[in-house]
Amino acid sequence: MCFDSRILAIGVMSNVVELDQVTKTFGPQVAVNRLDLSIPEGTVYGFIGPNGSGKTTTIRMILRIFFPDSGRVSVLGADQGSAADDRLGYLPEERGLYRKMIVRDVIEFFGKLKGLRNCRREAEEWLARLGLADSAKKRVDGLSKGMSQKVQFISAVIARPKLLILDEPFSGLDPVNMELLKDTILDLRKQGTTVLFSTHDMHVAEKMCDRVCMIYKGNKVLDGTLAEIKGQYGLDTLRIRVGDATCLRNLQGVVQVNDYGQYQELRLESNGDSQAVLKQVLSHTTLDHFERTSPSLHDIFVRIAGAA
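Numbering of the sequence shown is given in numbering that gives the first Met the number 0, commencing with residue 0 and proceeding in unit increments.
A hint or two may mislead.
[Stated by the list, open to error] Ranges of calculated distance between the beta carbons of each label pair, as one might list FRET restraints:
id: 1; residue 1: I303; residue 2: R240; range: 19 to 29 Å
id: 2; residue 1: L179; residue 2: E227; range: 46 to 56 Å
id: 3; residue 1: E227; residue 2: L281; range: 32 to 42 Å
[What the hints assert, rightly or not] 16 Å max Cα-Cα, derived EDC-like pairs, lysine to aspartate or glutamate:
id: 4; residue 1: K99; residue 2: D85
id: 5; residue 1: K181; residue 2: D209
id: 6; residue 1: K161; residue 2: E178
id: 7; residue 1: K137; residue 2: D84
id: 8; residue 1: K136; residue 2: D104
id: 9; residue 1: K144; residue 2: E93
id: 10; residue 1: K111; residue 2: E121
id: 11; residue 1: K189; residue 2: D173
id: 12; residue 1: K161; residue 2: E40
id: 13; residue 1: K219; residue 2: D84
id: 14; residue 1: K144; residue 2: E123
id: 15; residue 1: K144; residue 2: D173
id: 16; residue 1: K111; residue 2: D84
id: 17; residue 1: K229; residue 2: D298
id: 18; residue 1: K137; residue 2: E123
id: 19; residue 1: K216; residue 2: D35
id: 20; residue 1: K161; residue 2: D84
id: 21; residue 1: K144; residue 2: E92
id: 22; residue 1: K161; residue 2: D298
id: 23; residue 1: K111; residue 2: D140
id: 24; residue 1: K206; residue 2: D186
id: 25; residue 1: K189; residue 2: D209
id: 26; residue 1: K206; residue 2: E178
id: 27; residue 1: K161; residue 2: D173
id: 28; residue 1: K113; residue 2: E93
id: 29; residue 1: K99; residue 2: D140
No lab work stands behind these hints, which were simulated from the structure alone.
We put the CB at the ideal spot given by N, CA and C, even for glycine.
Let's have the full structure, built from the sequences with the hints guiding it.
What follows is the structure, given as structure tokens:
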């Protein structure tokens with residue numbers, strides 16, 4: 000029998016980030032409310048939530064840009080520190096490259112800010128790895144949005160951080176480069192880097208993350224592995240493909256219908272009878288496919304964020 004050594008090690012891993020009852024306010028606005036958070040070493044930890052939920056504020060407290068009004072923030076074993084910690088890498092959602100600099104020079108500059116005296120070789124290796132070797136001597140303002148995004152990513156990882164914080168890392172990338180960056184992030188995890196990954200793309204989070212936390216209106220509403228999170232909702236979804244989707248309206252035992260064109264998802268009432276629902280569908284149209292399943296992370300996100 001074969002075991003994944005990384006999974007076996009999770010039981011003895013320490014936490015790279017710990018937040019204990021952390022609260023942060025801005026005037027009368029409570030941005031983060033008594034938040035507990037633990038990010039195990041060597042994992043990809045998804046951090047999700049709608050705009051204005053408190054994600055960015057939390058990330059900035061982990062980076063020591065903001066300090067909490069109350070509670071404890073521990074990062075890499077330290078309860079105190081500075082925003083210039085060389086062991087952290089950060090890719091912000093608001094990109095920030097020096098547009099008139101040469102690509103290779105700007106990467107080396109960020110490397111030196113993180114304590115690397117000479118990182119020319121590492122910069123060239125990263126440029127080659129991400130398909131940018133021919134752009135090393137170009138100015139940043141001559142790059143496409145996707146190419147600039149990859150340069151920003153290299154600048155965040157050039158110093159081999161122990162903790163890498165990525166805020167919407169796939170924004171602006173085509174599918175080929177998304178796949179390339181995804182493989183690179185997972186490879187960094189294999190090498191021991193812990194990744195805090197903030198995104199609105201639930202499909203990517205569902206595929207990549209070892210654990211997922213959702214924050215909503217400053218409060219944590221989900222935290223765990225994908226299996227644990229889905230287990231809270233049970234098998235309350237029917238995924239089907241029918242000849243005529245218009246007949247799915249007003250089915251008894253169905254709370255909501257989502258038509259995605261190629262297939263439809265029916266959310267059942269609590270303790271709903273899937274067989275009774277299927278009989279109703281078959282009485283109106285042909286049924287090409289059906290399965291009973293847990294809701295996707297996207298659906299769970301919408302249920303929580305759309306409830307208000």
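Here's how the hints hold up against the structure:
| no. | hint | result |
| --- | --- | --- |
| 1 | I303 to R240: 19 to 29 Å | holds (27 Å) |
| 2 | L179 to E227: 46 to 56 Å | violated (30 Å) |
| 3 | E227 to L281: 32 to 42 Å | holds (35 Å) |
| 4 | K99 to D85 | violated (25 Å) |
| 5 | K181 to D209 | holds (14 Å) |
| 6 | K161 to E178 | violated (23 Å) |
| 7 | K137 to D84 | violated (29 Å) |
| 8 | K136 to D104 | holds (8 Å) |
| 9 | K144 to E93 | holds (12 Å) |
| 10 | K111 to E121 | holds (12 Å) |
| 11 | K189 to D173 | violated (24 Å) |
| 12 | K161 to E40 | holds (9 Å) |
| 13 | K219 to D84 | violated (27 Å) |
| 14 | K144 to E123 | violated (20 Å) |
| 15 | K144 to D173 | holds (10 Å) |
| 16 | K111 to D84 | holds (13 Å) |
| 17 | K229 to D298 | holds (10 Å) |
| 18 | K137 to E123 | holds (13 Å) |
| 19 | K216 to D35 | holds (14 Å) |
| 20 | K161 to D84 | holds (10 Å) |
| 21 | K144 to E92 | holds (13 Å) |
| 22 | K161 to D298 | violated (32 Å) |
| 23 | K111 to D140 | violated (22 Å) |
| 24 | K206 to D186 | holds (15 Å) |
| 25 | K189 to D209 | holds (12 Å) |
| 26 | K206 to E178 | holds (12 Å) |
| 27 | K161 to D173 | violated (28 Å) |
| 28 | K113 to E93 | violated (20 Å) |
| 29 | K99 to D140 | holds (6 Å) |
Comparing the model with each earlier hint shows violations of hints 2, 4, 6, 7, 11, 13, 14, 22, 23, 27, 28; every other hint is respected.
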